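Chain A is fixed; fit chain B onto it per the hints.
Here the protein sequences line up with chains A and B, keeping their order.
Note that the numbering used here gives residue 339 to position 321 of the first sequence, counting from 1, and the numbers run on in steps of one.
Note that the numbering used here gives residue 493 to position 477 of the second sequence, counting from 1, and the numbers run on in steps of one.
Hints in this document: simulated from the structure, not taken from any laboratory.
Relax, there's no trap hidden among the hints.
Quick partial rundown of chain A residues pointing at chain B, CB under 8 Å, derived from the structure:
(1) Gly60
(2) Glu61
(3) Ile175
(4) Arg193
Here the structure is a predicted model, which means the values were calculated and not measured.
Just so you know, even glycine gets a beta-carbon here, dropped at the ideal spot from N, CA and C.
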Amino acid sequence: MSLYRYLARRLLLLIPLLIGISLVSFLISNALPADPTAANLGERAAADPEIVQAFRDKWGLDDPLYVQYLSYMRNLLRGDMGTSIRSHRPIVDELSKYLPATIELATFGIVISILAGIVFGVISAVWRNRPIDFIVRIISLIGVSAPVFWLALLGLIVLYLRWGIVPGPGRLDARVIAPPNVTGMYTVDSLIAGQWDVFRNALAHLMLPSVVLAAYSVGLITRITRSSMLEVLSQEYMNTARSKGLRERHVILRHGLRNALMPVVTIIGLSYGNLLSGAVLTETIFAWEGIGRYAYNAARTLDFPAIMGVTMLIAVVFVVTNLIVDMLYYFLDPRLRYQG
Amino acid sequence: MRRFLVLLLVLSFVAIPLGGIAAQDEAVLVVGLSEDYSRLDPGRAYEPGGSLVYHSVYDTLVTFPADSTSEILPSLASEWTISDDGLVYTFTLRDDVTFSNGDPLSAEDVVFSINRMKNLKDNPSFLADTIASVEAVDDLTVAITLTAPDPAILAKLVFDAFSIVNAEEVQAQGGTDAEDAAETDTAEAWFNSNSAGTGAYVIESYEPTVQTVLVRNENYWGDAPYFDRIIIQNLPETATQKLSLEAGDIDIAMDVIADQLPSFESNPDITVFSTQSDTLIFLLFNQDPEIGGPMSDPQVQQAVRYALNYEELAFLSGEGANTPAAMVPIGFAGALDPSEGVAQDVDMAKQILTDAGYADGFDVDLEYPDFNYIGTDFNVVAQKVQADLAAVGINVTLVPQEFQTSLDLYRTGAQGFSLWLWNPDYQDTLDYVEFLPGGVVGLRANWTDENADQEILDLRDQVKVETDDAARIDLFTQIQHYEQESAPFAPLFQPGVHFAYRSDLQGFAYNGQWRVDLTQLSY
Numbered sequence: 019m020s021l022y023r024y025l026a027r028r029l030l031l032l033i034p035l036l037i038g039i040s041l042v043s044f045l046i047s048n049a050l051p052a053d054p055t056a057a058n059l060g061e062r063a064a065a066d067p068e069i070v071q072a073f074r075d076k077w078g079l080d081d082p083l084y085v086q087y088l089s090y091m092r093n094l095l096r097g098d099m100g101t102s103i104r105s106h107r108p109i110v111d112e113l114s115k116y117l118p119a120t121i122e123l124a125t126f127g128i129v130i131s132i133l134a135g136i137v138f139g140v141i142s143a144v145w146r147n148r149p150i151d152f153i154v155r156i157i158s159l160i161g162v163s164a165p166v167f168w169l170a171l172l173g174l175i176v177l178y179l180r181w182g183i184v185p186g187p188g189r190l191d192a193r194v195i196a197p198p199n200v201t202g203m204y205t206v207d208s209l210i211a212g213q214w215d216v217f218r219n220a221l222a223h224l225m226l227p228s229v230v231l232a233a234y235s236v237g238l239i240t241r242i243t244r245s246s247m248l249e250v251l252s253q254e255y256m257n258t259a260r261s262k263g264l265r266e267r268h269v270i271l272r273h274g275l276r277n278a279l280m281p282v283v284t285i286i287g288l289s290y291g292n293l294l295s296g297a298v299l300t301e302t303i304f305a306w307e308g309i310g311r312y313a314y315n316a317a318r319t320l321d322f323p324a325i326m327g328v329t330m331l332i333a334v335v336f337v338v339t340n341l342i343v344d345m346l347y348y349f350l351d352p353r354l355r356y357q358g
Numbered sequence: 017m018r019r020f021l022v023l024l025l026v027l028s029f030v031a032i033p034l035g036g037i038a039a040q041d042e043a044v045l046v047v048g049l050s051e052d053y054s055r056l057d058p059g060r061a062y063e064p065g066g067s068l069v070y071h072s073v074y075d076t077l078v079t080f081p082a083d084s085t086s087e088i089l090p091s092l093a094s095e096w097t098i099s100d101d102g103l104v105y106t107f108t109l110r111d112d113v114t115f116s117n118g119d120p121l122s123a124e125d126v127v128f129s130i131n132r133m134k135n136l137k138d139n140p141s142f143l144a145d146t147i148a149s150v151e152a153v154d155d156l157t158v159a160i161t162l163t164a165p166d167p168a169i170l171a172k173l174v175f176d177a178f179s180i181v182n183a184e185e186v187q188a189q190g191g192t193d194a195e196d197a198a199e200t201d202t203a204e205a206w207f208n209s210n211s212a213g214t215g216a217y218v219i220e221s222y223e224p225t226v227q228t229v230l231v232r233n234e235n236y237w238g239d240a241p242y243f244d245r246i247i248i249q250n251l252p253e254t255a256t257q258k259l260s261l262e263a264g265d266i267d268i269a270m271d272v273i274a275d276q277l278p279s280f281e282s283n284p285d286i287t288v289f290s291t292q293s294d295t296l297i298f299l300l301f302n303q304d305p306e307i308g309g310p311m312s313d314p315q316v317q318q319a320v321r322y323a324l325n326y327e328e329l330a331f332l333s334g335e336g337a338n339t340p341a342a343m344v345p346i347g348f349a350g351a352l353d354p355s356e357g358v359a360q361d362v363d364m365a366k367q368i369l370t371d372a373g374y375a376d377g378f379d380v381d382l383e384y385p386d387f388n389y390i391g392t393d394f395n396v397v398a399q400k401v402q403a404d405l406a407a408v409g410i411n412v413t414l415v416p417q418e419f420q421t422s423l424d425l426y427r428t429g430a431q432g433f434s435l436w437l438w439n440p441d442y443q444d445t446l447d448y449v450e451f452l453p454g455g456v457v458g459l460r461a462n463w464t465d466e467n468a469d470q471e472i473l474d475l476r477d478q479v480k481v482e483t484d485d486a487a488r489i490d491l492f493t494q495i496q497h498y499e500q501e502s503a504p505f506a507p508l509f510q511p512g513v514h515f516a517y518r519s520d521l522q523g524f525a526y527n528g529q530w531r532v533d534l535t536q537l538s539y
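Looking at chain A on its own, in the form it has when it is part of the complex:
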């Protein structure tokens, strides 16, 4: 099957999948035994039947569920994700502001995870049971098991307060003005605007949170890479390669790592999805205004349109990431290209 047909089929499958996700998340958020009226009206306003009714009418809360869902989907097709009950701002505007912040953080996080995880994993496998292997395994164990909250605070206390080598929370220093908005990612936007000071500031602010965010996936990728490498290293063709007189480094990286990467790519894909959607704690501690915090706040105030918006967005991100992973398989493993 050609790549294009494969891609087209996968993209078509997205449609029923996303409709299913929207339906399920709509039903779940509306099935909660709680009412956005109480969450968004103050004590007194909630005691005033006139205001409560006006609120319910405004947000269509009294309409039957299927009517609410259909009108939601109708608007969605027009690119309108509704208005936040809490902030009264369009969800599309809010998501387009918070998503780039998370993408920036998660992308730095995944790059760190991939580089560190693969390097650690290969080192650990090649020098199996040597001291370096134990050190790497301890690091990966800490990465997988240390609570994000603890790592973040430890990092802030040591690197920010004591040593002063990383800046404090936030995406920029409070006194630094954000670059003109193009992509919403400050590092990119500041480069576009040629504001080097802002770029350095934004980059410095990314360091600690992205390392903290990456800690778990570094550990995970290291472990997967290690075990996958160990399996590959024991294969016959490795000896064959060596016997052809290839240099050891070439054998390990070209023949070993390339074949060991399949399961690693899967984990990377999943990790990226997790980094994008599961960064609530990191984003809270580092005052990083991203999707994770947005989702948390939306759930806390029962802001249904916002909950729906962020759920759909994360679903799309997961689905697209999975698609990219599958595409990578396609390139990494030639056998897949010949299957029907």
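Relative to chain A, chain B alone:
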């Protein structure tokens, strides 16, 4: 070569933070706040954190002293008179006030601001419930006519929602004070990044959940504030607020919790301010026997009040916490002295339970929202209540609930025995009639005009309209004594509230309404 490049890259990463941004010449105040406001339209003002902004940007007709809410002072109105029947308040406006765009303040702006707030029918609109009409008598005179005497009206007028805005400018941005303003007013989005007030600052930018930036209002009628710019930075996590303050990146941490206080003591660069908050944490007993079970019995309610160890309960919430004698918090005019409160008396509690026919005790559920409020963990408080009541034979099963779910049940009066909190809507003791029959909280305990004693109903009706200060205090004293004897509530404590700021910052004062007046600070 490649190694050199790698080294260069590593060095550049290390060097980045050291470079930083060149310091600017202007005086900047940076406030760390766990931001809780989602918009900045004064007509819709209700979220507590927003007061920091509103109070810096807008003025009201009258105001409070910087460090208390005990007295009403002139602000935009230089003086006022009250008609003999207590129904008409006539305010004389200062003649030297201009809005930030240079327009002079006139009586029409006051009329517009109040009517708009009322007609938006948003969260704060109830504050105008007793206002029948607002009229401009002449350019600098405004008459507010009430539907009935309202002893709290001046205190209400200090609230953010009564901020006076520039009518012409707001109308140009889609604002309206018409009766259908709830549907037709479109100025809200504009208010989120602009302001139209007479205060010391104007809003330069507001990036929700990131930061709010205020710059000095060049047309301000009062003394120019010290800081050119105020940055209110959202730092949702108290631990990071603390670190940022210690590192000198922020000047004030607005959300300090009691646990952090000891670590500040050894730091001469940081000053801590602690006081009891206005938040009242209390137990609610439902008066409806079908819902409250044994808890609806006034004798059982009294026994519970005697069974609790108030000192230990307040201790759970840390330094600064205090227990009020009844349902009027300490700090409000007419509140009983804390020493007059109910003291723990386990034998008395057991005796009352025996008299009520519960010699063998009973089982009951305690419902509460599973959350932490300004450093007070509701789970821990509930466990303490459980332990205290176990000592008198009441077996409490803890039923923590997701916040919104619990709030729903609470507001509809469906909880039999629960643990809650109340923050004042405005800074006057009158807000606490809500704990009486027919009041907002009274009804959540199903305490209605039908099942309440005539005595408390009379007291309630009198205090609602009594405008003489001495007579009000007398009525509130009687009400609180009644509550100590017979009310479906038990006050537990007011948690402490703590702020920390750089020690060389001058002019810090706490006020229950706006907490800290940022316009009065300097270095």
